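> Listed below are the residues making up each chain.
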Amino acid sequence: MDWNDGYVADLDYPAAYFAEQSPGVLGVACILNGVEPVPPDRPFTYFELGAGMGLTSNILAATHPHGRFYSNDFNPAHVASARQLAEEAQLDNITVLESSFADLAAGKVDLPPLDYITMYGIYSWITPANRQCLVEFISRYLKPGGVVYVNYNALPGWTRTLPLQRLLLEHANCNPVPRLAQLEQARDLARKLAEAGAACFDGSKQLDYRMASLARDKAGYLAHEYLNSGWEPLYHADVAGGLAAAGLDFVGSADLPLAFEDDYLTAQQQALLSGTADARWRETLRDYLLNTSFREDVYVRGARSMGQERQAGWLARLGLVLTSVAEAAPQPEVAAGDDGVALRRLLDALAPGPRTLAQLAGLLGESLQAVARLAARLAASDKAAFFFPGGETADPAPAMRLNRAIAAQSTFGDHYQALAAPLLGGALNSGLAQRLVYQCLAHAPEEAQPDANDISGRAASLLQGHFATCVPGSAGEAALHALREGLPRTVAAILARRLPIWRTLRML
Amino acid sequence: MEKQWREPGPELLNFACVLAGTEPVPLDRPFNYLALGCGPGAGEPWPAVEHPNGRLFAASAGTEPDPDLPPMDFIVLHGAYSWLQTNERQQVVSLLNRCLKPGGVAYVGYNAMPGCSSILPLQRLVREQGRLHGGGMAQQLEHAAIELEQLRGAGAAYFTDNDTPAMRRRLDRFSQACLEFAQPGWQALYHADVARLLSGAKLEYVASAELWWSDPGRYLSAAQHALLDAQATPILRETVRDVLLDTAFRRDIYVRGARRMHPMRQAGWLGRCRLALAAARNEAVEAALPGPMLEALASGPQSIAALARLPAMQGKGMLEVARQAGLLVDAGQALICNQGA
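Each protein sequence line maps, in turn, to chains A and B.
Position one of the first sequence corresponds to residue 1 (our numbering), numbered consecutively onward.
Position one of the second sequence corresponds to residue 1 (our numbering), numbered consecutively onward.
Bound conformation, chain B alone (with noise of 0.2 angstroms):
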């Protein structure tokens, strides 16, 4: 749930971007970064994307875009696509069909399927009570509580067949988990659904956020992992992989005419990428992840090539060292904080 806030900036989208082979937007030079707001929270501030040759733009999405607007390098959604009307979605997709660059990558943060699947009618509810009693979103969720604790107290089945832990997640602190839920447009999407109405917009699916999700070998078992390596239709592996791992939110990134890397270039790249460890950290997570990694950053930023120079890191490859510190960047315990181009 609080990961969705994560909006990645542009270091993360080429990074992700190279992990899976694909070519990132040079940073070397000027480029523009389109933040698009979505749901509520759409007008407030976030973490500036700091970046010395980076231009800064915001909009809202669903409302007509700043014809001045130039072509953007990155657009990326800020909240979720999921919380958007039918009719806004189809806006988000004309402004990236007309705004992003060939070579842009686009992020799309949404509440997915199938893990979202035992939640639905939760929502349903939630969003009924507008219709029933009208009153804004606090009233709605007000109303929505009494009627949950009276059909959770008389057994209701539907609770009981779905006791999942996004309905616990949901449950347990109902008023703030499920806010979003009286959003008009709110809806959990199909990856495939997703997919193709940006290819509308030229757009191919590259990667996720979730930088973990680049090596299948760490979360999936042999047997899983097979059957994910036998879907060929991209469209088809992703769902695959969304059944397996039933995800209820997606960080999709996108982009607009993906040209794949040689091998050797993605390894040069991802060399001379440079990693510093995080302001503040979490020592709770930290036991899950490569230490010597950590010891190494503790005494300032290195480049991944660097990295790769551990003793613990002996005999792997840069990429499989890439995706080790992709870990300490999706745990939030490091940045990557300079591309090399």
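Isolated chain A, as found in the complex (with noise of 0.2 angstroms):
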């Protein structure tokens, strides 16, 4: 077998940070579904298996001085990209290895044992002896009381989409192209089966949405999604029942609102689960009664329940943090009920600045549990962030230096789309504009009070490097050019309304 193991290597996969690999949502996640978190204001020790251009662990070991940070990939461009960033910003609490999870799972890298242990992307995507490898790998190192986050393609929500996947891989095989030719051609001969009317696209919901990511979608993502030999969407009761060998329970979901069932399942259907004796069926069921497609797990090594007393502690000290712009948190939408009202009303009343739960559910006159959910969905739609206690006087100067290594970068390219935000723990997403004024704003002088036009100067003659690479012609090309001639508007909007947000969350 080759080194990649028939997984993509030739690809990058496109460098995001996922919020849910946090130990501040983990940390939510467990709380919420009332068992004991990993306390995060002590040192701990975080490993991200498969990281990819590492994007995620230096924002996290940027935004958690206090926390000693491995991130892994085999994939040798990933880990230089990933070191490169480490340098750049100076961070001293991260090791970026290039090992494979074979060589993990055998121990052959000294390694302390683990508090944290996160995968994004990686579990569905690989062999099963891969599989097997991980389940080891967090059976050797993670500590009990540890926590895991897996994200996986999921049964039987993908169940009609298998075919799609098969048939576009035995495509890009039979084919001995280039990767990204491989890719086109496949799913054009997709495309035009579906035209032909062929009786497998039968207007199954799931197909046509992965059918349209298709024809949407960027080349490297679709890659891994697609072209792995080991891709396998895996049922709950299976991974579930894998990782037990790891001494794994099953926690709850990373995707936050799921811990309130009352929003998205019927009486009948709760009472059809509550009915369910064994608990990875039961959590499968789930599954069949959602056609879940998508799945993020969170595990804990021995998972201890917490009483109802123990949760409303934690949940009282949670902080709750605006990190969208009103302009951009349109009213929640009128199906959700009087949530739109509630959801309003709590918008409102972080606008001064972050609050703990405890102290919104004061000002808003209600139960601790309500405030909670309500944060839960903020949180879903990036209109507001979880935080714990401690992040307001955690050191931000590892996080600014990061910053400003992904702004400079973002002169040349636009591979990191994120700032990190100490305040979270974590970070924002951020678009190519937001960055260039970031870069703007750190070179200029402290006191100095920002003024839009110069910044707004500065930035388009920052995106020369962007023109330079692009093709002529191409969507990209023109994408630059609208955001060239929006630049004036964009960067005093910016100004405005995204500045009080970057220093509230200590990121500037």
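Check before you lean on any hint, since a few could be wrong.
As the list claims (entries may be wrong) - Lysine to aspartate or glutamate pairs mimicking DMTMM-like chemistry, simulated, CA-CA at most 20 angstroms apart:
#, chain 1, residue 1, chain 2, residue 2
1, A, Lys143, A, Asp41
2, A, Lys143, A, Glu36
3, A, Lys218, A, Glu184
4, A, Lys205, B, Asp161
5, B, Lys202, B, Glu88
6, A, Lys205, B, Asp163
7, A, Lys205, A, Glu225
8, B, Lys101, B, Glu204
9, A, Lys192, B, Asp163
Derived by calculation from the structure, the hints in this document are not laboratory data.
Since the structure is predicted, the reported quantities are computational estimates derived from the model, not experimental observations.
Each chain sits in its own coordinate frame; assemble them with the hints.
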């Protein structure tokens, strides 16, 4: 077998920040589901598997100076990128490794016991043998009480779409052209078959959704989704069963609103679930009810349930802060019933600044549980974010160094699309214009009042590097032109509305 | 569903091979035919192959075969290959590799993707009952029926999102249609995987025992046919055909060392094949079939060459007439009763 075990290694996966992997979100997921979290304010160890270009790990390391971070990828280009970013930000608490899952499982790398092990887009994309390696790795290193985050393509939601992946993979494997051309030609065949009325394309919602994604999404993501030979959507029962060998108990979803069943299951559906004694099958039946196609599971090695009082104690101390500008936060959908009004009130209560859930409960006259539920909904739609006590006092310097490194790289490319936020112990996904403005502000004298015209002009000149490498006449070039023409307004809006959020989150 | 039980005899296997332009096994001298039982019913008697030159053997898939088995001209899986466990499938390949003569023909029927994709979670639901409650296949099915009703009653999205013909066929007759799901090895297979595994026994895919498959112009639109013909790689060609048809069950015929036939030899061979009306006929399906052929056969067995001389077949080549005759065979209205070799 090749060194990549059939895993797509020749197209870089786009670098993104995934908040679900942060200790904070994992802690909130534990608390909302009534399980003791790892105390976030004490020193901890963290390992990210399949970390790609290392954006998430670098951000988490920069925003948790008291944590010790390891990230691993088997693709040397990814490892080099992740190391470069860590060096540019002078992060001394992250180690980037280039090990195979088999070597990690066999204990060939010197590692301490771990508090967190996370992986994004790995588990259902690798071979069963490599999945077994991950279970052994977790079993070897995860501390009692330690947390695992694993997401995966899930059944039954993917079932009608399985043949699409197979068609693309078979076509690509029969077609000895470069990877990008393989993907283009395979998706061309799938499109033509659908247009020709192939019986397999029978109007299934899930399949239609994937076909739309195939037409729209970037080649890097699509190649990883469809052209890995180990690719296999999984039932929760099997994932949880496999991980049980490492002593892991399923806690809940990192998709926080799923902790509140009343919002998405009827009374009859809830009764069906509560009448199912086997925990793994109960959770799998939830997927039959929802036809789930993607899961974000949180596990704890030896989960300890919390009583309601202790859970309430944790909830009371959690912080909530706005992360989106008022204009970009339209009225929550009316379809959510009375929630529209309640969510609006919560957003208004956060306008003056971050608040704890206890404070918000007092301000709104609601129970802690009710506020937590609304807060989870705001967090899921990126309008607000939870944070743990201590985020206000953590040293922001490493995060600011990382943000400067990301902003500086943004003048040449668009790889890293997030900026670290020390208060959150995480980051905000940030568009190119925001990162270029950050670059201008970071190099302005400390006390200078930012001038929109001046910054707009400088940001426009920073776009030269992008124009130099884009294909003339391409959609990318058109997007750059649109970005440049809109800069005066965009920059003014960023300075007026985004900058205060950056300051609140201690990003600048 | 019912079709999977029509395991083909030597005449039909040969006929399908020749329709696809591949050399058949001569039946004018002694030949050996092995029926390899899979899954439940493996031990049941099945329509004996009656042929003056044929010797019939039977064995059970997944068990160590009799070391004294002679080399075989035909090996036919009785029951579905997809019901076997993975190691049993590997044993079948070993047996094919050891016992099938060069030029010999193998038949493998199996639950197939993509047509079964919507029902895989239904199968899982049945299988899971064994783990949860224990008990035999009948009890698994009873538990599954209860859970199924609860889920459907609660409006489970899996069922509303997968309202496919394959699903309806299973749900309408749940206890009969889903009994096979309780088989420990049950899996729906991609042709690509089956063909690759069998290539380990030097087998090449030649044709389907569904004779109507031999004429894509009948069942594909022009655009679909063009997409099928654009696939030069055999495995990809079948993959595309299955996407076009949403195939849920495949009846594959493989040959160990397939040799192409000259078109003239093919036409001559087909012309000498004789067709007879089946004893039990189904009036309901006859409307869609070539009527003049049925009328001609009413007076007694006919060679395909004779059928080609019917006024209604004027201007049609022997291959085309043979394909139309194949429709009568598919529908169970006629049998291939005698093959000149």
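> For every hint, state whether the structure bears it out.
Results of checking the hints against the structure:
no.: 1; hint: A:Lys143 with A:Asp41; in the structure: holds, 17 angstroms
no.: 2; hint: A:Lys143 with A:Glu36; in the structure: holds, 14 angstroms
no.: 3; hint: A:Lys218 with A:Glu184; in the structure: holds, 11 angstroms
no.: 4; hint: A:Lys205 with B:Asp161; in the structure: holds, 7 angstroms
no.: 5; hint: B:Lys202 with B:Glu88; in the structure: holds, 18 angstroms
no.: 6; hint: A:Lys205 with B:Asp163; in the structure: holds, 11 angstroms
no.: 7; hint: A:Lys205 with A:Glu225; in the structure: holds, 18 angstroms
no.: 8; hint: B:Lys101 with B:Glu204; in the structure: holds, 13 angstroms
no.: 9; hint: A:Lys192 with B:Asp163; in the structure: violated, 24 angstroms
Of the numbered hints stated above, the single one contradicted by the structure is hint 9.
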